[in-house]
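K.L.:
With the hints as your guide, set chain B onto chain A.
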Amino acid sequence: MRKVLLSMVFALAGAITYAGGYRVGVQGQRALAMGHTGVAVVNSAELGFFNPAGLVYLENQLTISAGVSAVFSEVAWQNEKTGESARTDNPAGTPFYFNASYKLNENLAVGLSVYTPYGSTVKWEDDWAGSHLVNNIELQAIYIQPLISYKVADFLSVGGGPIFVTGSVNFNRNLSRTLTDIDGNRANVTIDASGVNEWGWSASALFTATEDFRIGINYRSEIIMNAEDGDADFQNIPDTPLAPFSDTTFDAQLPLPAELTVGLSYQLNEKWLLAFDFNRTFWDVYESLDIKFANGVVSQNARNYEDANTWRFGAQYEATDRLTLRAGYYLDESPVQEGYFAPETPRNDSMGFTAGLSLDVTSRLAIDASFAYVRFDEVDASYDYYVDENNQTVPFGGTYKSVAFIPGLGVTYKF
Amino acid sequence: MKNYIKYIGILALGMVACEPEFDNPVDEQDAYSNGEADFSNYVALGNSLTAGYADNALYITGQENSYPNILAQQFAKVQETQEFRIPFMADNAGGLLFGGQPNPNFRNRLVLSIIDGDTLPKVYTGMAPTTEVANSLSGYFNNMGIPGARSYHLLAPGYGNIEGLGADPTTANPYFVRFASTPGTTVVADAVAQNPTFFSLWIGNNDVLGYATSGGVDENEITSLVMFQGVYSTIVNSLLESGATGGVLINIPNVTDVPFFTYIPTSPLDPTNPQYGPNIPTLNQTFALLNPALLALRGVTEETPGESEFSIEFNPAGASPVIVRDESLPDISQQLKTVLQDNGYDEATATIYASQFGQVRQATSEDLIPLTSSSAIGALNQERFEELVEMGLPQSQAGLLATNGITYPLEDQYVLTPSEQEKISARTEEFNEHIKTVAEQNGLAHVDAAGLLSKVATEGISFDAGTVTSDFVRGGAFSLDGIHLTPRGYALVANKIIEEINKTYNSEVPTVNIGNYGTVTPNNQVGN
Chain A
1 MRKVLLSMVF ALAGAITYAG GYRVGVQGQR ALAMGHTGVA VVNSAELGFF
51 NPAGLVYLEN QLTISAGVSA VFSEVAWQNE KTGESARTDN PAGTPFYFNA
101 SYKLNENLAV GLSVYTPYGS TVKWEDDWAG SHLVNNIELQ AIYIQPLISY
151 KVADFLSVGG GPIFVTGSVN FNRNLSRTLT DIDGNRANVT IDASGVNEWG
201 WSASALFTAT EDFRIGINYR SEIIMNAEDG DADFQNIPDT PLAPFSDTTF
251 DAQLPLPAEL TVGLSYQLNE KWLLAFDFNR TFWDVYESLD IKFANGVVSQ
301 NARNYEDANT WRFGAQYEAT DRLTLRAGYY LDESPVQEGY FAPETPRNDS
351 MGFTAGLSLD VTSRLAIDAS FAYVRFDEVD ASYDYYVDEN NQTVPFGGTY
401 KSVAFIPGLG VTYKF
Chain B
416 MKNYIKYIGI LALGMVACEP EFDNPVDEQD AYSNGEADFS NYVALGNSLT
466 AGYADNALYI TGQENSYPNI LAQQFAKVQE TQEFRIPFMA DNAGGLLFGG
516 QPNPNFRNRL VLSIIDGDTL PKVYTGMAPT TEVANSLSGY FNNMGIPGAR
566 SYHLLAPGYG NIEGLGADPT TANPYFVRFA STPGTTVVAD AVAQNPTFFS
616 LWIGNNDVLG YATSGGVDEN EITSLVMFQG VYSTIVNSLL ESGATGGVLI
666 NIPNVTDVPF FTYIPTSPLD PTNPQYGPNI PTLNQTFALL NPALLALRGV
716 TEETPGESEF SIEFNPAGAS PVIVRDESLP DISQQLKTVL QDNGYDEATA
766 TIYASQFGQV RQATSEDLIP LTSSSAIGAL NQERFEELVE MGLPQSQAGL
816 LATNGITYPL EDQYVLTPSE QEKISARTEE FNEHIKTVAE QNGLAHVDAA
866 GLLSKVATEG ISFDAGTVTS DFVRGGAFSL DGIHLTPRGY ALVANKIIEE
916 INKTYNSEVP TVNIGNYGTV TPNNQVGN
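Those protein sequences? They're chains A and B, same order as listed. Going by the working numbering, the first residue of the first sequence is number 1, and it counts up by one from there. Going by the working numbering, the first residue of the second sequence is number 416, and it counts up by one from there.
One chain only, chain A, in its complex shape (with noise of 0.2 Å):
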């Protein structure tokens, strides 16, 4: 098990933006399915991530839950005023995850939970106009948690653990609007930092007012991600005393900010299940990316995200004994404000609509698979906070669009 899951860290490691900000939201194919709700669903080990006060509830000993998608995610950026256009081509993202849950006995449950909640890979054409914000940016972060749920009383169990972040990120832009070296090459930087460990933490609680009943809360904990001493490889610096780039190392901070989700769930009969998440994604820590080189030049790139919260709504209808269907809807805010839409994360607010089914293949193993259109309204919006070499303040706007698309499979097997 270790083998498997130490190859689907690095083979599966990608990940890609299309929730607000860089936060992917593809925890569990069967929540997905239903809008990526499930603080309050007893469904199967996804809980691991959701809510892990609810593995306690799992009926059976070992439940495991695992599952990849592939995100299939583009942004359109033109500027009417000037004709230009530029496209991402981005790689699809394959966030994943694993969950495993052993019930020790009725009031105690542990688990293990392998998770990719943060993550980005944006690529524009090199050089394209907004090249000096950014060229392309892969940000990944794999979280790992052991869990333990335990059952206080009957109507309330509680759960969490403690979290190891693992992360790297690799980011190029242009170092201005036009350096160049004499051939016209113009003038770049790559940063590039892997292996940059933290930990955090996650608690949760399941309230079960009736049968039919839940209310879940689950929150996790922000984690700061500090990359020291990562490599900054400066490309066509002209050889000038004006331009004094030469590659050193950098340090810097990215935050993976906390997230609380209140929610419900409601056993409508015995084919109706519905439920309703709430998120709360504490954006507002990510004031700034503040890239410190080691010669002390220091690159400040204003951000000034907000909180925001995410609106999701799920239902599943059990179609036969063998299979069971889903859909959803979700209503994302961007913490993105007015003035600081930076085409490293484009991201606007944006309306999900999901859909999926599990079908047993056995009385132990399921399929799961579902299926995510995220919708984002085009946008007029700007940037404008970049300061260039002499100090000016230099808007970047135009319009975007972007839209994703999410297909994933996931397996779920009980013993």
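Hints may be right or wrong, so weigh each one.
[To be verified] Below, in silico cross-link-like pairs of lysine-lysine (DSSO-like), each with a Cα-Cα straight-line distance of 30 Å or less:
{"no.": "1", "chain 1": "B", "residue 1": "K851", "chain 2": "A", "residue 2": "K81"}
{"no.": "2", "chain 1": "A", "residue 1": "K271", "chain 2": "A", "residue 2": "K414"}
{"no.": "3", "chain 1": "A", "residue 1": "K81", "chain 2": "B", "residue 2": "K870"}
[Stated by the list, open to error] Partial list, derived from the structure: chain B residues whose beta carbon lies under 7 Å from chain A:
{"no.": "4", "residue": "F503"}
{"no.": "5", "residue": "N507"}
{"no.": "6", "residue": "G881"}
{"no.": "7", "residue": "T884"}
{"no.": "8", "residue": "P937"}
{"no.": "9", "residue": "N939"}
{"no.": "10", "residue": "G942"}
Source of the hints: derived by calculation from the structure; they are not laboratory data. Cβ coordinates follow ideal geometry from the N, Cα and C atoms, glycine included.
P.N.:
Frame of chain A, contents of chain B only:
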């Protein structure tokens, strides 16, 4: 299983729908209108400004940022266009080779270097030039801007004939030699052969500029108005007869709006300069003896020394003007010699002073001193030094008397006097009058580049990251030669051209963001 198939179908649909689409995508052909113009085959005619010449050289990135190439890229956003072919140089160094040999008149580009606080542009030496003039390019080219070309050159057979380069005077232009279709062709013939649907013409600058940049030494260097009018109309008619449905005519900027003439102040002499400052007392003593004679002979009586440009005095505490030879002044050397001899100067000294100061005054704020004078000012005039030594002066004294701009007047080529400026601006105005008339007669778009660059020079033009001005090196509009534009400057011109084309032809060609275009290139790999 049926359900499966249904979902796979939805999946496939999603895949197709994955590309984000705008309500009004700018990259579709109907996003903008070409109006009554047909930009499908655009040909640009002109001189260095059209070629994308900058930093005293033609090189690849300059050509890429030429205003015709910027226009062609914007035209391509409006309608389907042919490839805009450019006779690219072989490198970004910029120098020309003639039979493998470099030529001092076609050196590498200038770059902005900072060496021990010296920030005057210098010649890039990071690579040797590789553009061989004899390697002629095949096919026709849409950008027919030819550095150095005057109006009448565009109609001159043999202007692209390599044989003509060796003639005296030269009858060919190495830049046209590189891409002329045949040795005997003309620029206009090669343009017409491409059946352009749209053209631009920006010619005439060198017809006055050659006179101006050489400090106005030879008045014949200005093309006559009659010649210009005839040639200009012929060029435009040829292009229209070839089937072009539209075009744009760009007028001639006032050469005095460029930093080449405005950067060097007329009072450049700095008393803190160790080569000059310590000599001020001696200089003033010497001129104090001469000034009464100079003033008297010029008919100035009431002035105290220092208040007339005819009495020469240097300020020990501040900047002083250079002394210049002004050919519009009556030559008083004969009288001066007599007066000096009457006042006890020996004949040899009187002769020297008389020949040196017979047509001299200190520069005034009305004069313009070309950038090319910067290295001459305060330097020893070797020729004069040798003359003086020959006349029997000791070397130290000869040296003192042969310092350019201080004791030896700046020669005519190093200064543009008000009367010379007057000639240039009068002819420029006449040329521009004709250009406007031709545009009106033929319904062509007309671009007032003179007005544009005058605005850049006086108040500047703001853009998303500041203001573009004509300040040398820093202003952003002019390249390091002080005459030709930077990519940002050319983009500014391109926007103005687009504006006028849109007005004339009811088209909707989008403009560019000039902030995305660079200015001067810094590099410390330089020589002299």
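K.L.:
Next step is simple, just say for each hint if it's right about the structure.
P.N.:
Here's how the hints hold up against the structure:
1. B:K851 x A:K81: At roughly 29 Å apart (the allowed maximum being 30 Å), A:K81 and B:K851 satisfy the hint.
2. A:K271 x A:K414: Given that 30 Å is the threshold and the Cα spacing comes to 21 Å, the pair holds.
3. A:K81 x B:K870: 23 Å, holds
4. F503: 12 Å, violated
5. N507: Hint on B:N507: holds, closest Cβ of chain A at ~5 Å, below 7 Å.
6. G881: 5 Å, holds
7. T884: Since the shortest Cβ distance to chain A is 13 Å, the answer is violated.
8. P937: Holds, about 4 Å.
9. N939: Holds - the Cβ of B:N939 comes within 7 Å of chain A, reaching about 5 Å at its closest.
10. G942: 14 Å, violated
Hints 4, 7, 10, counting from the list given before, are not met by this structure.
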